[in-house]
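Chains L and A are the protein sequences, given in the same order. In this text, residue positions in the first sequence follow my numbering: the first is 5, and each later residue adds one. In this text, residue positions in the second sequence follow my numbering: the first is 23, and each later residue adds one.
Hint data in this document are derived by calculation from the structure and do not stem from the laboratory. Ideal Cβ positions, reconstructed from N, Cα and C, are used throughout, including at glycine. A portion of the hints provided could be inaccurate.
As the list claims (entries may be wrong) - A short, non-exhaustive set of chain L residues, derived as facing chain A with CB atoms under 10 Å:
id, residue
1, C76
2, I132
3, V737
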Amino acid sequence: MLQLNRKGVNIKIEELKSDFGLVKNLELGIGQLIEEKWDEPMGPTPFPGMTTLREWDFKLLQRYKPFYLPFCDVCCLCTFGKCDLTGDKRGACGLNMAAQQSRIVLLACCIGAATHTAHARHLVEHLIEKHGGNSSIDVGGLNIDIEAPVTRLVCGIKPEKLRDCEAALDYCEEQVTHLLSSTHTGQEGSNLDFESKVLHAGMVDQVGMEIADLAQISILGLPKADPEAPLTDLGFGIADVSKPTILVIGHNVPSSVGIIDYLTDKKLLGKVEVVGICCTAHDITRYSSMAKIVGPISWQLRYIRSGLADLIVVDEQCIRADTLVEAQKINAPVIASSPKNCLGLENRTEHPSEEIISELVEAKVPGVLILDPDKVGEVAVETVMKVAPTRNKFSIIPKAEEIIAAGKECTACNECRRACPNDQPIPEAMKAAAQGNLNPLAEILESCIGCARCDSACPNDFPLHSFMVRAGEKSLINEKFKMRVGRGAIQDVEIRRVGGPIVLGEIPGVVAIVGCANYPHGGKEVAEIAEEFAKRRFIVVASGCAAMSIAMVKDEEGKTLYEKYPGDFDAGGILNVGSCVSNPHIAGTAIKIASIFAKRKLRANYEEIADYILNRVGAVGLAWGAMSQKAASIASGFWRLGVPVIVGPHGSKYRRMLLGRKDKEEDWYVYDARTGHRVYVGPAPEHLFTATETKEETMVLIAKLCMRPNDTSRGRAVKLSHYIDLHKKFFGVMPDDIHLFVRNMADIPITMKSEFLKILEEKGWKEKVIPDPTLLSRLIRERKGE
Amino acid sequence: MSAKAESWQKAEIAGPKKALLILKPEVVVAMIKKAKRPLVIVGHLAAEDYSDDVKMIEYAIRMSKIDGIPVIATGHTIKEFIKNGFNSAVYMSAMDIGVRLTDPEWKGLDGKGPYDLALFMGLPYYMEFVILAGLKSFSTNLNTISLDRFYNPHATWSFPNLSVKDWNESFEIILNKLGKN
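Make the full structure from the sequences, and use the hints.
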């Protein structure tokens, strides 16, 4: 049997009589052919369009209603504007505030989905060009049967060869274009339809990310679902800076691979340091043990200004836009390597390498654009070896005496503090600096997100961020941690082992700690949250900058969490799946629980699988430092799949929450698939998207959001124990809503029975049925009278 | 007292409708007295020092004790209330109370009906900023007051950016005048 991809045309002729003879059973195909070896029948929603899953979205949005949080009252997206949308006003186009806010969320998610899809496209194109489209997709050998759970679920295809990925990317590109078009003036007018499209963008984003990671794992040989992926070095102080040092920043790894490959070919490995920031660092350490990680996204400016990097290579995403400006200050050449981030540099891709190297070494140009990863490798390595000796690690971090002098000049005008996202007391620290005490500046660095808005705001042009770096240099130099490199997917055997305990609630939950480093109080809180849940025998899964932050705390024995906790997908594990594009391994885990453990049909069967996850898989995402549009689209991919996401306080600036109302009983009914009866299941999970204020509140909420209607009594008792214990620990009191989560007496944790009984009596609690829960009436097996 | 309607975080520009400045603390007293159903929402920063000897949470407690205004504690602030011997605060997340305040059907903590005045203090500035923006556009019959010492433009009324001293003095006036009910 042959199947054409969605763009193909298939002609089947059973019998044709013509002048040249009789033709029987002729089948012609125009388009890409995918050999069908997958015996699972096609599900109901292959390659879903913008409205295919709208009914599912509306079910979610009926329960989890949008709460809009406008940044400002106006819309300024067209020349009708600016339009004041405050209250019940409408803009010149007729749009109201609710629709405008959801439109902005959709724009953010389109940016995110487009970014990951374009990332995947560039990566796949490069890998096909270099390794051929027939290269096999292999993310875990015999340990992985479902290699692409998201792509199988959404698209209904099973990518086996690299070129098969292109059909999925064609789909993503088409959908993002449609979605983006709906934000044009005079298109969509309903906030709920915008919200449905937000969920669609998130789902498409998951496909794009999955394809990117499948491709790089398979072709570049990154760890394949390895629970014991190696430990790598991470921290400001990990590089041997006596060597020429290349700093790579960004997300798309081919140019960094080009550097490692060139060093390998020329037998220069070990003679040049290759260090990275952000997700390129994740992926290059998955590729080579010789690479190291400086830190998350917020470490860019401190590392560049310190002068430790002799040459900087940027690829795409989350790179400071002023990298070239900052690099010039420390006399470090820059190589831009992505068409998405050219930095105004001349494209030298076709020029002879010797000529480019010479101009960079002699500082005739501050940087170059090279769109060939292998050439980047050659130019970067040859240049850095020549530049490093003359640069001599030139730094622009001021001396302590200069900071003290600046402290004396500072007028405490508060402009820096008022520019700081975290409202840090910089004027007070400058006052202390004037007295020779730099410790307050060092303390601020601990919570600093590295934005340098303080620098821009200072009327005296003091480089305040650099002051902090000098003040904190001792701890920076000692930043040396171990992080387990991204393991990639979760093995099928791991899913089989834990699928039951998760669905039944006996493993109290899966906590996915993901996202950027826009933290309110530094990254240590992320490590604290991770350890709290690992100790409680939840499964903690991490990716991106958050995975790095988890590594950046040591215990008394000098061990990081990755050294203390196992990397397998099991209770008490702390797993790093990898970079941003590795996030679908987390979504894929929930999907695989439905498929492998529960034997639900996976192929193009999105609605049923999402319904299964929402009602049964106690997984929660936490993006404590979410900053980017990509983080928005990643979160929305989880929402549509039924996984709630919490963001830190800065996440409130995403302008829309999806909140359940536990006080509205009518919102929490599901069908019992066994009988068709409508059954109250309590607010589980209570929210689909919310922002929390403090780490303490977050931990309480994580435990609570892990409850699901399908929990067995034993599982619910375990989950309630954690919820109550954390509530008492951090809030000092018993929660006031436990009666909503107790279905029958067996749900009550044994040690709390008397306490519970008193509360249940006060609340007028009545025993309830534990259903076979679903929101989909078509899944009711037998209808019985109410 | 400085009297500029200028956001504390300078880039946080609200739009055409900006909070009225509380130039005299008596305005707050009048608003509270006029309100039929006031509510105080207290974030975790209330438990952090604004000066050597006064914490915002103490003002919240005194205000509630004087006027019987119910207190919502967001974040983990409820623990701080209990530490301070005040057991009447109710925990609700900032987002949960925010969305309820946009619901005209919500009956409030005591089941007696919606609130008509919400006083905010101690939330992270930017978080309070967007919640107030949500309330400005999506609540009905609700006035909001930002009691922090920073101008928060999406409120109905807000203090301007104040020194700790001016802010403390304002609060003392508010509490004294409320006590003279």
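How the hints compare with the structure:
Against a cut-off of 10 Å between C-beta atoms, the interface hint on C76(L) holds, since the closest Cβ of chain A lies about 5 Å away. A distance limit of 10 Å between C-beta atoms decides the matter here; for I132(L) the minimum to chain A is near 44 Å, and the interface restraint is violated. Annotation: interface hint on V737(L) holds; nearest CB of chain A at approximately 6 Å, less than 10 Å.
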